[in-house]
Amino acid sequence: MAIAIDQAVSRRAFLSVSAAAGGGMLLALSIPGHADAAVAARAPAASEHPEHDVDLNAYVTIAPDNTITIMSKIPEIGQGIKTSLPMIVAEELDADWHNVRIVQAPLDTKAYGIQFAGGSFSTPMNWDLQRRMGAAARAMLITAAALTWKVPESEIATSAGKVIAKDGRSLTYGQLAAKAAKVIPPDMKTLVLKGASQYSIVGKSIGGIDSPKVVTGQPLFGIDVSVPGMRYAVFQKCPVFGGKVVSANVDAVKSLPGILNVFLVNPEGPTGLPDGMAMGLQSGVAIVASSWWQANKALESLQVVWDEGPVAGQSSAGFAAKAQELSTQTPQKVIHSDGDPKGALAGAAKVIEAAYSYPFVAHSPLEPMNSTAAFINGKLEMWSPTQNPGSGRTLCAKILGIPEDAVTIHMTRCGGGFGRRLGSDFMAEAAMIAKLQGEPVKLIWNRNQDLQHEFYRPGGFHYFKAGLDAQGQLVAFTDHYVGYANGPRASNSSDLSATEFPAKYVKNLELATSTMQLGMPTGPMRAPGSNAHAFVFQSFLDEVAHAAGKDPLQHLIDLYAEERAAPPPPAPPRKGPPGGGGGFGNLGPPFSGKRAQGVLEMVREKSGWGKRQLPQGTGMGVAFYYSHLGYFAEVVQATVLPADGTVKVDKVWVVGDVGGTIINPTGALNQCQGAVIDGISQALGAKITMDRGRVAQTFPEYPLLRMYQAPQVQVDFKLTQFAPTGLGEPALPPVIPALCNAIFAATGKRIRHLPIDTTLLKT
Amino acid sequence: MSYTINVNGTPQTVDVAGDTPLLWVLRDTLDLKGSKFGCGMGLCGCCTVHINGAPRRSCITPISTVGQAHITTIEGVGSTDTGKKVQDAWLAVDVVQCGYCQAGQIMAATALLNTNQKPTDKDIDDAMSGNLCRCATYVRIRAAIKQAAGLPITDTREV
Numbered sequence: 001m002a003i004a005i006d007q008a009v010s011r012r013a014f015l016s017v018s019a020a021a022g023g024g025m026l027l028a029l030s031i032p033g034h035a036d037a038a039v040a041a042r043a044p045a046a047s048e049h050p051e052h053d054v055d056l057n058a059y060v061t062i063a064p065d066n067t068i069t070i071m072s073k074i075p076e077i078g079q080g081i082k083t084s085l086p087m088i089v090a091e092e093l094d095a096d097w098h099n100v101r102i103v104q105a106p107l108d109t110k111a112y113g114i115q116f117a118g119g120s121f122s123t124p125m126n127w128d129l130q131r132r133m134g135a136a137a138r139a140m141l142i143t144a145a146a147l148t149w150k151v152p153e154s155e156i157a158t159s160a161g162k163v164i165a166k167d168g169r170s171l172t173y174g175q176l177a178a179k180a181a182k183v184i185p186p187d188m189k190t191l192v193l194k195g196a197s198q199y200s201i202v203g204k205s206i207g208g209i210d211s212p213k214v215v216t217g218q219p220l221f222g223i224d225v226s227v228p229g230m231r232y233a234v235f236q237k238c239p240v241f242g243g244k245v246v247s248a249n250v251d252a253v254k255s256l257p258g259i260l261n262v263f264l265v266n267p268e269g270p271t272g273l274p275d276g277m278a279m280g281l282q283s284g285v286a287i288v289a290s291s292w293w294q295a296n297k298a299l300e301s302l303q304v305v306w307d308e309g310p311v312a313g314q315s316s317a318g319f320a321a322k323a324q325e326l327s328t329q330t331p332q333k334v335i336h337s338d339g340d341p342k343g344a345l346a347g348a349a350k351v352i353e354a355a356y357s358y359p360f361v362a363h364s365p366l367e368p369m370n371s372t373a374a375f376i377n378g379k380l381e382m383w384s385p386t387q388n389p390g391s392g393r394t395l396c397a398k399i400l401g402i403p404e405d406a407v408t409i410h411m412t413r414c415g416g417g418f419g420r421r422l423g424s425d426f427m428a429e430a431a432m433i434a435k436l437q438g439e440p441v442k443l444i445w446n447r448n449q450d451l452q453h454e455f456y457r458p459g460g461f462h463y464f465k466a467g468l469d470a471q472g473q474l475v476a477f478t479d480h481y482v483g484y485a486n487g488p489r490a491s492n493s494s495d496l497s498a499t500e501f502p503a504k505y506v507k508n509l510e511l512a513t514s515t516m517q518l519g520m521p522t523g524p525m526r527a528p529g530s531n532a533h534a535f536v537f538q539s540f541l542d543e544v545a546h547a548a549g550k551d552p553l554q555h556l557i558d559l560y561a562e563e564r565a566a567p568p569p570p571a572p573p574r575k576g577p578p579g580g581g582g583g584f585g586n587l588g589p590p591f592s593g594k595r596a597q598g599v600l601e602m603v604r605e606k607s608g609w610g611k612r613q614l615p616q617g618t619g620m621g622v623a624f625y626y627s628h629l630g631y632f633a634e635v636v637q638a639t640v641l642p643a644d645g646t647v648k649v650d651k652v653w654v655v656g657d658v659g660g661t662i663i664n665p666t667g668a669l670n671q672c673q674g675a676v677i678d679g680i681s682q683a684l685g686a687k688i689t690m691d692r693g694r695v696a697q698t699f700p701e702y703p704l705l706r707m708y709q710a711p712q713v714q715v716d717f718k719l720t721q722f723a724p725t726g727l728g729e730p731a732l733p734p735v736i737p738a739l740c741n742a743i744f745a746a747t748g749k750r751i752r753h754l755p756i757d758t759t760l761l762k763t
Numbered sequence: 001m002s003y004t005i006n007v008n009g010t011p012q013t014v015d016v017a018g019d020t021p022l023l024w025v026l027r028d029t030l031d032l033k034g035s036k037f038g039c040g041m042g043l044c045g046c047c048t049v050h051i052n053g054a055p056r057r058s059c060i061t062p063i064s065t066v067g068q069a070h071i072t073t074i075e076g077v078g079s080t081d082t083g084k085k086v087q088d089a090w091l092a093v094d095v096v097q098c099g100y101c102q103a104g105q106i107m108a109a110t111a112l113l114n115t116n117q118k119p120t121d122k123d124i125d126d127a128m129s130g131n132l133c134r135c136a137t138y139v140r141i142r143a144a145i146k147q148a149a150g151l152p153i154t155d156t157r158e159v
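Going down the list, the protein sequences come from chains V and F. So the first sequence is numbered by my numbering: it starts at 1 and just counts up by one. So the second sequence is numbered by my numbering: it starts at 1 and just counts up by one.
Check each hint, because a few of them may be wrong.
Stated by the list, open to error - Derived PhoX-like pairs (lysine-lysine); straight-line CA-CA distance at most 20 Å: (1) Lys84/F x Lys213/V; (2) Lys648/V x Lys122/F; (3) Lys85/F x Lys213/V; (4) Lys122/F x Lys651/V; (5) Lys162/V x Lys179/V; (6) Lys749/V x Lys465/V.
Claimed, not checked - Have a look at the derived ranges for each label pair, beta carbon to beta carbon: (7) Tyr708/V x Thr65/F: 23 to 31 Å; (8) Asn52/F x Ser290/V: 27 to 35 Å; (9) Gly9/F x Gly608/V: 47 to 55 Å; (10) Leu260/V x His70/F: 33 to 41 Å.
For the record, the hints were derived by calculation from the structure and aren't laboratory data. Even glycine gets a Cβ: it sits at the ideal position worked out from N, Cα and C.
Make the full structure from the sequences, and use the hints.
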């Protein structure tokens with residue numbers, strides 16, 4: 001599995017050092033036997049792009065003027081990784097942060113290992129490697145100083161970009177860099193790393209490295225790229241997923257002002273990658289113009305005859321009816337079974353039953369899908385806001401029929417990702433249009449195209465039963481999950497984990513699934529799987545607590561107290577793209593009920609749970625969820641206005657356990673605040689309906705949360721002894737059930753379907 | 001057609017169709033890429049500029065309607081006192097996540113503070129709710145506006 005390979009990178013990789021252009025030292029990494037080929041030909045970056053004057057396969061470069069350049073290997077999508085990973089290198093290097101310059105690395109997996117932004121993987125996957133890169137450079141500078149001064153290395157210390165001898169002599173890193181470039185690099189395995197108490201950069205709040213450029217409007221994003229001779233394009237696909245273009249009024253559109261070319265793109269056969277996420281190159285009509293405005297405006301005159309294909313027969317309403325029907329039948333598959341769930345339900349003193357559902361959801365990052373591509377002499381060069389450049393390169397090479405080493409990918413800053421840019425359909429389109437046009441092309445999707453041709457967070461239906469004994473103990477629990485499949489496989493990101501909580505924590509339990517064939521693409525969205533399953537499981541467990549007459553927060557703490565059933569055999573390795581929910585290989589320690597209890601106890605204290613007098617119509621709800629190696633307990637206080645059922649979220653208390661080190665506290669808090677409000681946005685309004693094979697909503701009908709709806713968010717971290725893990729995702733899942741549970745506390749009405757229908761909350 | 005417009009204090013002559021939105025003139029004709037295309041419908045606020053000091057959605061403002069009005073973009077707003085204060089506050093509070101909407105947020109916030117030096121939370125809600133932030137940095141946008149106004153940055157809304 002790809003993840004396991006990268007985990008071992010820092011142990012198998014070897015370092016190489018050379019003199020940097022202009023003097024100084026250039027430290028690079030080589031990763032032997034890496035699955036992907038390196039990008040051999042590195043064409044110069046776009047003239048407008050500011051970061052082109054560096055040695056692109058370097059990891060760390062130290063110049064004679066003391067400037068330290070650290071390459072940022074992961075795409076920046078707003079998660080702050082371009083700031084936080086270099087902080088780790090700088091820490092172990094003992095750099096002076098003021099002299100650190102950070103440059104976005106191009107896609108070069110041989111030099112950097114796997115490069116993608118997803119699954120909150122970047123921190124746990126790179127924590128060890130980044131530390132060792134910094135420590136290696138520091139060790140070489142110490143060796144260079146020891147040779148210079150002829151003193152033992154043990155008598156040399158480092159601090160803020162300087163090497164200091166016991167006798168007080170010192171040299172800057174810049175002064176030593178040329179000599180260090182001749183030192184044999186150390187063995188990555190045996191480097192001595194700092195303890196947390198020695199940190200002076202890690203653990204300090206450092207603002208986003210590119211924020212000064214953001215607030216002054218400098219070009220950074222994919223949509224801002226310009227290359228000489230560039231044309232602009234739009235691409236119209238069939239509104240029905242999988243539909244194909246038959247014909248179009250090409251000549252009429254060609255005659256419109258500014259239009260340079262109009263052509264049909266009709267790839268033969270499936271063009272997607274085997275990951276099942278996101279489409280490859282779809283059938284459609286390309287319009288190329290001398291300005292994007294003209295290209296987009298020409299869509300109003302475009303008339304296309306489509307072959308809508310078989311998906312036109314599918315609708316959300318039909319799936320809801322089918323799910324209801326399946327819920328009364330024997331599940332197609334039992335994925336986890338302990339004890340005797342049926343017998344225990346039959347013998348229970350009290351049985352609770354509930355049906356839950358959630359809709360398809362679109363990611364809708366604010367920067368629409370776009371890419372700029374140039375296809376010259378059989379080689380593709382592309383500038384793209386992508387979370388997944390390696391996958392994009394593979395797809396582009398495949399659809400153009402060229403080798404992967406003929407594709408160069410420049411990663412730009414992304415205007416939001418949330419998982420959407422793990423799919424590379426927009427890159428494939430730009431590549432093909434540039435090839436057919438024979439000129440560099442910037443493709444931009446308009447907003448409705450962006451909303452209606454996503455891959456979506458899959459919807460789903462859950463049918464729960466729980467049994468309590470006479471003492472109110474949860475003794476039986478069953479879920480029949482009706483989801484979607486695409487052929488023989490569950491639709492991307494719709495899997496239910498066989499160990500979904502409370503599996504293993506209730507003696508008699510069954511998790512079972514049935515699926516319906518879906519022709520709409522689905523894929524990972526921020527906390528995939530978890531963003532849906534947290535809602536249904538943590539809401540239903542709240543119902544169970546109330547039915548048992550127990551405090552919901554204490555009920556969760558009690559549930560996590562001990563595993564009551566034998567652990568199931570380990571699940572087979574998960575297939576699919578990075579960012580998909582569920583399996584994390586051996587990236588972190590196994591789930592710990594104690595860590596769950598720890599954050600629940602802390603959020604009880606922080607929120608004043610059970611101790612505050614709340615007015616009529618106001619309630620507090622709690623939920624816990626473990627995802628992406630992070631443990632998050634959240635309490636929501638919400639007020640429901642009786643007149644119209646409007647839900648006002650007053651405040652959210654968040655307690656997270658992501659290990660013992662918060663690398664960049666300001667960034668960490670920002671991620672948690674954002675994830676929590678993102679979750680509330682989903683709960684309050686996010687819904688994509690499929691109607692006759694197409695998306696029913698346009699952008700004005702897809703409400704995203706706005707300033708006036710944004711609550712106060714208080715975030716605290718519970719520090720534990722573990723290595724740090726990622727924060728892009730795990731704060732999101734619990735806020736949705738915590739909000740719905742707060743609404744129950746406020747009104748006595750249970751939210752079992754998303755988005756929240758406020759008309760049901762009127763009194 | 002030829003239009004001469006006043007952008008950040010400089011007259012600029014452009015030759016575009018009259019229905020071309022100001023946004024695309026700024027971005028692709030004048031190469032001022034700071035104002036962003038988010039929705040093209042005036043719903044997200046990514047493209048916000050000042051026209052004679054008032055916040056306007058440049059994506060739905062045809063160039064033919066601009067005339068001699070003074071247009072200020074994110075590239076120029078830092079040369080005004082308020083604009084500079086707002087940009088500095090954005091950095092001090094570390095508002096930015098992806099950053100795509102932030103040019104529009106800063107333009108909206110600057111327009112607010114130009115007409116209301118000590119905004120309340122309600123004033124901030126009213127002035128800023130036309131600007132989407134998909135990363136949901138609203139907590140920090142609120143704090144940064146207060147910081148720029150010299151107000152305590154705590155959220156004073158009643159809980």
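Going through the hints against the structure:
Under the criterion of a C-alpha separation no larger than 20 Å, the hint pairing lysine 84/F with lysine 213/V is consistent with the structure, at around 13 Å. With a CA separation close to 14 Å, the supplied pair lysine 648/V and lysine 122/F stays within the 20 Å bound. A threshold of 20 Å between alpha carbons decides the hint, and for lysine 85/F with lysine 213/V the separation of about 15 Å falls inside it, so the pair holds. A distance of roughly 16 Å separates the Cα atoms of lysine 122/F and lysine 651/V; the hinted pair therefore holds under the 20 Å criterion.
A hinted pair counts as satisfied when its Cα atoms are at most 20 Å apart, and lysine 162/V with lysine 179/V qualifies at roughly 14 Å. A distance of roughly 19 Å separates the Cα atoms of lysine 749/V and lysine 465/V; the hinted pair therefore holds under the 20 Å criterion. Checking the proposed 23 to 31 Å range against tyrosine 708/V and threonine 65/F shows it holds: the Cβ atoms sit about 29 Å from each other. Separation of asparagine 52/F from serine 290/V is about 31 Å and conforms to the stated range, judged on CB atoms against 27 to 35 Å.
For glycine 9/F paired with glycine 608/V, a C-beta distance near 53 Å keeps the hint of 47 to 55 Å intact. Between leucine 260/V and histidine 70/F the beta carbons are some 35 Å apart, a value that agrees with the proposed interval 33 to 41 Å.
Every hint from the earlier list agrees with this structure, and none is contradicted.
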